[in-house]
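K.L.:
Using the sequences and the accompanying hints, generate a full structural model.
Note that the protein sequences, when read in sequence, are chains Z and A.
The first sequence: position 117 = 117 (the numbering used here), numbered continuously.
For the numbering used here, count along the second sequence from 1 and bump the result up by 303.
No false leads were slipped in.
Each pair of labels, with its calculated beta carbon distance range:
# : chain 1 : residue 1 : chain 2 : residue 2 : range
1 : A       : Arg478    : Z       : Ser116    : 19 to 25 Å
2 : Z       : Arg85     : A       : Arg369    : 36 to 42 Å
3 : A       : Val334    : Z       : Trp30     : 53 to 59 Å
4 : Z       : Arg214    : A       : Gly575    : 33 to 39 Å
Since the hints were derived computationally from the structure, they do not count as laboratory data.
All of these numbers come straight from a predicted model, not from anything done at the bench.
Note that CB positions come from ideal geometry on N, CA and C, so glycine has one too.
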Amino acid sequence: MKSSIVPNSQLVNPTVRGAKRPSRRNLGYWLGVLPFFLFSALFLIGPTLILASRSLEGPDGGLTFDNYRQLATPSVLDAYGMSIRISLTSAILGGLIGFLIAWAISIGGLPRPFRSLTTTFSGVASNFAGVPLAAAYIFTLGRVGVITALLKLAGIDLYRSGFSLYSFLGLTMVYLYFQVPLMVLVILPAIDGLRREWREAAENLGATSAQYWRHVALPVLLPSMMGTMILLFGNAFGAHATAYALTGGLFNLATLLIGQQISGDVLHNPGLGYAVAMGMILIMAVSILVYSVLQRRSERWLR
Amino acid sequence: MSVSTAPAPVAVKSATTIKTTARKNRFWAWVIYIGGALYFLVPLAATFYWSLRAERGKFGFEAYRRLFADANFLPSFSESIVNAVAAILISLLIIVPTAYWVTLRLPKLRPVVEFITLLPFVIPAVVLVFGLIRLYSRPPLLWTATYESSRILLICVYAALAFPYVFRSVDNGLRAMDVRALTEAAQSLGASWPTILLRVIFPNLRVALLSGALLTFAIVIGELTIALFMAQHTLGPYMANLTRSKVYEPSAMAIVAFAITWAAMGLIQLIGRGQQGQIAGGH
Numbered sequence: 001m002k003s004s005i006v007p008n009s010q011l012v013n014p015t016v017r018g019a020k021r022p023s024r025r026n027l028g029y030w031l032g033v034l035p036f037f038l039f040s041a042l043f044l045i046g047p048t049l050i051l052a053s054r055s056l057e058g059p060d061g062g063l064t065f066d067n068y069r070q071l072a073t074p075s076v077l078d079a080y081g082m083s084i085r086i087s088l089t090s091a092i093l094g095g096l097i098g099f100l101i102a103w104a105i106s107i108g109g110l111p112r113p114f115r116s117l118t119t120t121f122s123g124v125a126s127n128f129a130g131v132p133l134a135a136a137y138i139f140t141l142g143r144v145g146v147i148t149a150l151l152k153l154a155g156i157d158l159y160r161s162g163f164s165l166y167s168f169l170g171l172t173m174v175y176l177y178f179q180v181p182l183m184v185l186v187i188l189p190a191i192d193g194l195r196r197e198w199r200e201a202a203e204n205l206g207a208t209s210a211q212y213w214r215h216v217a218l219p220v221l222l223p224s225m226m227g228t229m230i231l232l233f234g235n236a237f238g239a240h241a242t243a244y245a246l247t248g249g250l251f252n253l254a255t256l257l258i259g260q261q262i263s264g265d266v267l268h269n270p271g272l273g274y275a276v277a278m279g280m281i282l283i284m285a286v287s288i289l290v291y292s293v294l295q296r297r298s299e300r301w302l303r
Numbered sequence: 304m305s306v307s308t309a310p311a312p313v314a315v316k317s318a319t320t321i322k323t324t325a326r327k328n329r330f331w332a333w334v335i336y337i338g339g340a341l342y343f344l345v346p347l348a349a350t351f352y353w354s355l356r357a358e359r360g361k362f363g364f365e366a367y368r369r370l371f372a373d374a375n376f377l378p379s380f381s382e383s384i385v386n387a388v389a390a391i392l393i394s395l396l397i398i399v400p401t402a403y404w405v406t407l408r409l410p411k412l413r414p415v416v417e418f419i420t421l422l423p424f425v426i427p428a429v430v431l432v433f434g435l436i437r438l439y440s441r442p443p444l445l446w447t448a449t450y451e452s453s454r455i456l457l458i459c460v461y462a463a464l465a466f467p468y469v470f471r472s473v474d475n476g477l478r479a480m481d482v483r484a485l486t487e488a489a490q491s492l493g494a495s496w497p498t499i500l501l502r503v504i505f506p507n508l509r510v511a512l513l514s515g516a517l518l519t520f521a522i523v524i525g526e527l528t529i530a531l532f533m534a535q536h537t538l539g540p541y542m543a544n545l546t547r548s549k550v551y552e553p554s555a556m557a558i559v560a561f562a563i564t565w566a567a568m569g570l571i572q573l574i575g576r577g578q579q580g581q582i583a584g585g586h
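P.N.:
The structure is reproduced here in structure tokens:
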């Protein structure tokens with residue numbers, strides 16, 4: 001009795017649903033995702049497309065690649081160069097320091113509470129960018145900063161010896177404040193993914209600790225580390241607020257150059273400004289792409 | 304005989320080496336950790352020290368008093384809070400149905416949706432605002448004509464910037480429950496789609512939504528770049544101006560901002576822990 005009812009209802013259901021309202025339902029699903037696409041088009045894709053199309057326009061209209069050719073002018077190259085130098089240095093240093101800290105709180109054998117404390121702090125510090133971060137560094141290493149004053153008491157005059165917070169070195173130090181925690185947060189799961197058995201197997205085969213790291217752990221972690229450092233590169237490359245707050249927008253950095261171009265045509269060529277912006281998007285897109293490819297590769301090992 | 308004795312010395316030796324490497328490791332772990340802690344705590348300590356020195360010759364909270372007494376601080380702060388909350392709500396209203404449909408009925412759209420939610424990471428804020436101004440500052444799409452309309456534009460842009468965070472946490476939340484079973488159960492009880500979303504899916508996503516919302520709040524509340532070029536009187540531009548014009552107040556402001564970020568992140572951790580307990584209890 002029972003067994004005849006169940007197949008029956010299963011038979012009835014699909015015909016009722018499938019025959020009567022498939023198109024209306026599909027329309028309903030699309031209506032559900034429509035606001036998402038509309039929003040993305042209005043506030044993310046549209047603004048990018050207008051920059052892209054303007055960057056291909058000559059002064060009198062018409063398609064041209066002149067603006068991209070002019071990216072080779074010294075002022076643009078300088079800005080890009082400084083951005084790349086700061087981003088690269090802060091990504092590599094931040095990656096290494098972040099990795100070491102992540103190692104210390106996981107495999108290094110520090111007491112358990114340090115781990116959760118550090119991850120919470122990393123969550124805070126990686127989002128503690130912009131004006132407050134710039135202010136904190138001005139009070140620390142600025143001309144009247146606490147560390148500057150303490151060093152002066154000890155007989156070291158930072159600013160007379162050539163240091164400046166508003167320079168390549170200074171900005172890199174400031175950027176490390178959000179780069180290192182981001183590295184800790186992203187790399188920690190990868191380090192956790194190193195299996196105890198791998199280490200035991202290596203030790204049973206007579207490997208030293210150095211050999212284990214060189215031949216087992218690092219090759220497994222490398223895609224993840226490289227990927228995260230590339231993510232850090234993009235993170236620093238696109239940063240505007242911190243550098244603006246620190247230097248008042250008058251430092252030669254790609255993001256600051258675009259800011260100046262918005263306020264007034266400092267490049268004396270609107271088209272070039274659009275090309276600089278598109279160049280930034282291209283560099284960011286490549287770094288995010290490489291990051292996600294490497295991240296996917298490392299997931300193969302770290303499940 | 305040799306078979307039975309040979310492994311023993313090896314095992315003893317490796318046990319001691321393991322112990323010494325563990326000790327050596329711990330030593331270096333402490334060195335690295337203390338070095339790192341100094342790098343991160345010194346700027347905070349220095350800023351806090353400055354924030355207490357506003358009155359000559361003594362420590363006190365004068366800088367904080369002046370900050371809160373500033374006629375522009377609380378208005379810009381509250382404006383930023385309203386903007387952030389509005390952006391979070393819009394973002395949730397858009398992302399929850401999208402993530403839900405993508406999980407349940409339109410899996411083919413998933414790569415497209417994931418790609419679009421990554422766009423805020425690809426487009427630097429300063430480039431985005433450049434494009435927004437060029438797109439919306441003249442007819443036919445004049446959107447920045449008045450302060451209020453610019454503000455609405457700013458809120459919408461913030462909502463879009465929150466997409467990556469909100470989508471990821473909602474997606475994780477949806478994966479943690481059986482969306483299909485819940486939906487079919489609700490359908491078989493005669494629930495309509497709005498009822499299913501509002502009374503079945505939303506409540507189950509509470510934790511994911513809250514953590515996405517708090518993360519968005521922490522990022523949006525002090526946002527500078529976009530607000531600056533849209534000439535909005537929010538917290539970010541206010542803080543940047545303060546840093547340039549005052550001596551002691553910026554330090555108090557930085558400490559307050561740090562506390563806000565800390566509160567948001569701490570709440571996320573707290574809620575996350577609650578969620579794990581609930582899941583364990585539910586099973």
